[in-house]
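J.: Start from the sequences, fold in the hints, and give me the full structure.
Keeping their order, the protein sequence lines are chains A and B.
Counting with numbering that gives the first Met the number 0, you get residues 0 to 334 for the letters of the first sequence.
Counting with numbering that gives the first Met the number 0, you get residues 0 to 330 for the letters of the second sequence.
Think of the hints as simulated: they come from the structure by calculation, not from any bench.
By construction, the Cβ of each residue, glycine as well, lies at the ideal position given by its N, Cα and C atoms.
Hints are not guaranteed to be accurate.
Below, in silico cross-link-like pairs of lysine to aspartate or glutamate (DMTMM-like), each with a Cα-Cα straight-line distance of 25 Å or less [unchecked claim]:
#1 A:K227 - B:D302
#2 B:K128 - A:D260
#3 A:K225 - B:D302
#4 A:K158 - B:D302
#5 A:K227 - A:E163
#6 A:K308 - B:D254
Chain A stretches covered by chain B per the calculated footprint, using a threshold of three residues with CB under 8 Å from any CB of chain B [what the hints assert, rightly or not]:
#7 52-62
#8 102-116
#9 128-142
#10 211-223
#11 251-258
Ranges of calculated distance between the beta carbons of each label pair, as one might list FRET restraints [what the hints assert, rightly or not]:
#12 A:N21 - B:R212: 28 to 38 Å
#13 A:L16 - B:F112: 22 to 32 Å
#14 A:A156 - B:L129: 39 to 49 Å
#15 B:L129 - A:L22: 17 to 27 Å
#16 A:S9 - B:K196: 50 to 60 Å
#17 B:G215 - A:L121: 42 to 52 Å
#18 B:I51 - A:T329: 50 to 60 Å
#19 A:G223 - B:I51: 50 to 60 Å
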Amino acid sequence: MTTSAKKPLSMQLTSMLLSVWNLIKRIPPVYPVFVVIMIGVSQLNPNFATANGILLFLRRSSPLAILAMGQMFVLATGGFDLSQGSLVTLTVIGSSLIIYNNESAGYTAILIMLGIGIIVGLVNGFVVSFLKVPSLIATLGMLLLIKGGGLYWTGGAPKGYLTENWRFFGRGYIENIPVIGRFPSAVIILLIVGVIMSILFYKTNLGKQILAIGDNARASQLSGIKVKRVRMVAFLISSILAVVAGVLIGGYGGTSIVAGDGLEMQSVSAAVIGGALLLGGRGSLIGAVFGALTLEAIFSLLNLLGLPKPFRDAVQGLIIIGAVAYASITSRRRD
Amino acid sequence: MTTGTISAKNLKQAVQAIHIPPVYYFLVIITLVGITLDQLFAKGNILSNPVIMTNILVRSVALGIVAVGQSFVMIGAAIDLSVAFTISLTAVLASQLMQGDPARVPMAILIVFGIGIVIGVANGLIVTKLNVNPFIATLGTGLIIKGILNGTFANYKGSVPKSFQSFGYDSLGPIPISILVLLVVVIIGWFILSRTKFGAHLYGVGGSREIGRLSGLRTARIVTGAFIISSLTAVLSGLFIVSRLGSGAPWVGPDGVYDLESIAATVIGGTALAGGRGGVFGTLAGVLMFGVIDTVFNQLGVDTYLKTVLRGAIIILAVASYSIRSGREAA
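T.: Below you can see the structure in the form of structure tokens.
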């Protein structure tokens, strides 16, 4: 009697566990990984778990999160944008040259840089869509153009410095907020960009068209999507967001001619950790943001563990390989 | 057809018969334009001074060797971003292991090539067995090598013996040894691609991994083979660089942007990013084009930063000039 009663129970239990496991498998791995790392970080440094600690962490991560959102748009169409990092650098050194210690030119500088960002995005999109150059090569060429152009413009070293009103976006605070006291302006920018991008990606046709193009450009074209235009918009978004990220990075860290070095690879990594598929067809905006937060959390963790800085690279390498391998293994099983 | 009738049509047929990659026309045009500019606006040294001509070639050796390996990977529809750090690792390890002692040279060379094979196998297995996109896989292995390298070596370490520097500086008669090595690598590459079973299979797998698999090819082995070749050429480039410098430092690879430049040279040379098409002679022309451009800019005294700008523009325009005619959408 007891055994017969137990058996269905254990079977029930296993089937319940199986369905729970199926549910777990459907959660993108980036979220549990992020939570685990954050718990680790807050164990090592209790300040991290406070509201202020989290806000500071978000402030530090917002440039990469913004870059990753832009990169995700391009990745989802099946392309790459390798010119992001050089555009960040150009924004920082270009702005300090335009401002030239003149406080009143701060906002003009941002507008000019946004204009340059729009031009860069349009050229990237034009070269890929109309000259049919693969985006890897097109944006690599653009990287050299921007890098060389920026250094030529400034004479190889940053000139002038960034005034306080320009730097406010990256390192300023909105004061006198109830409960938490003050709120970093960079996080507000991140939230604004995040909301606009989610509306674009999840609530408009653009988002669906981008994924459709990444999945099968020919089929999308035949079903009436203006493939060239959508691709150009994706590159445009990526470049504009790179300028926004540049303003935050310059505000946080000041002028430097290496401000944006390597950020394009970090943003690709973040988007891919967040579930974007290289060569297109799949991408998640929230995933890209959490991918960026995960990378930054890992960097914080390595810092707290006292590992020398170069090992960051090695760990980043291991993690992106692991994340993509995990994603490809689980998606193969689902097919 | 009787001999001696030289018409435009015959010439066209003859040219088509030997399959000159279109990049050679660019190379000729750019060289001619460069020489003209040099005659008009500079001292005209490119024509009058043979040393400059040789320097164009020597300058192209490091990029040329690694670009041959990159061509293999790209024909197989993959990409290898780890070569720059493989070059650094080789340069640093070689000088560290040799310590200026000629007797240790063979041992050091064996070890670095062994490490090259390990890197190639790792790349290949990650791509084929774990199904990771090659861009991410080799970006990841590159970062791992970079991290280990920068975490262990901070500066120039050790040195290579004088005898080893002959690889970088000596000549056999009028021709520098390094150029001979580049030519040998290109010819071996051409031979493997067009005269062996592995080469034919690589084109097949690059054209379509799925069709290759269905026709019974061991696709994983073939792609891994291409990655091993790529890593080995990167090691050879690293050895050439360290023989020129005398000592290796962790930044020699990334400073030369060998990863992205070898990809650009390969694509300019006519190898499709999507795989299945291309060859090493085209790649060689792409590399030489970079060499000619650099030399012409130097002669003309173009600003370093403007040089970078022009380089970017030329890469885009060169690839655009033949991609624009393709019916396929690029991504």
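J.: All the hints need checking, so say for each whether the structure fits it.
T.: Outcome of the hint check:
Taking the CA atoms of K227 (chain A) and D302 (chain B), the gap is near 36 Å; set against the 25 Å cutoff, the hint is violated. Taking the CA atoms of K128 (chain B) and D260 (chain A), the gap is near 32 Å; set against the 25 Å cutoff, the hint is violated. With a C-alpha separation of about 41 Å, the suggested pair K225 (chain A) and D302 (chain B) falls outside the 25 Å cut-off, and the hint is violated. Proximity of K158 (chain A) to D302 (chain B) is assessed by CA-CA distance (about 18 Å); at most 25 Å being required, the pair is judged to hold.
Proposed proximity of K227 (chain A) and E163 (chain A) is contradicted: the alpha carbons are some 41 Å apart, above 25 Å. Our distance criterion of 25 Å between C-alpha atoms is met by K308 (chain A) and D254 (chain B), whose separation comes to about 19 Å. Requiring three or more residues with a Cβ within less than 8 Å of a Cβ of chain B, the coverage given for the region 52-62 of chain A is violated, as only 0 such residues are present. Counting residues of the region 102-116 of chain A whose CB falls under 8 Å from any CB of chain B gives 0; the rule of at least 3 is not met.
Counting residues of the region 128-142 of chain A whose CB lies closer than 8 Å to any CB of chain B gives 14, so the stated coverage by that chain holds, three being the minimum. Under a criterion of three residues with beta carbons nearer than 8 Å to beta carbons of chain B, the stated coverage of the region 211-223 of chain A is upheld, 4 such residues being counted. Given as covered by chain B, the region 251-258 of chain A fails the check, having 0 residues with a CB less than 8 Å from a CB of that chain where 3 are the minimum. Judged by the Cβ atoms, the range 28 to 38 Å given for N21 (chain A) and R212 (chain B) holds: they are separated by roughly 29 Å.
For the hinted restraint 22 to 32 Å between L16 (chain A) and F112 (chain B), the CB-CB distance of approximately 50 Å leaves it violated. The supplied range of 39 to 49 Å is met by A156 (chain A) and L129 (chain B), whose beta-carbon atoms lie about 44 Å from each other. Taking 17 to 27 Å as the suggested C-beta distance range, the pair L129 (chain B) and L22 (chain A) conforms, at roughly 25 Å. For the pair S9 (chain A) and K196 (chain B), the beta carbons lie near 56 Å from each other, so the given range of 50 to 60 Å is met.
Evaluation of the 42 to 52 Å hint for G215 (chain B) and L121 (chain A) yields a pass: the beta carbon distance comes to about 47 Å. The hinted range of 50 to 60 Å is satisfied by I51 (chain B) and T329 (chain A), whose Cβ atoms lie roughly 57 Å apart. Between G223 (chain A) and I51 (chain B) the CB atoms are about 56 Å apart, so this pair conforms to the stated range of 50 to 60 Å.
Violation of the numbered hints given earlier is confined to hints 1, 2, 3, 5, 7, 8, 11, 13; the remaining hints are satisfied by the structure.
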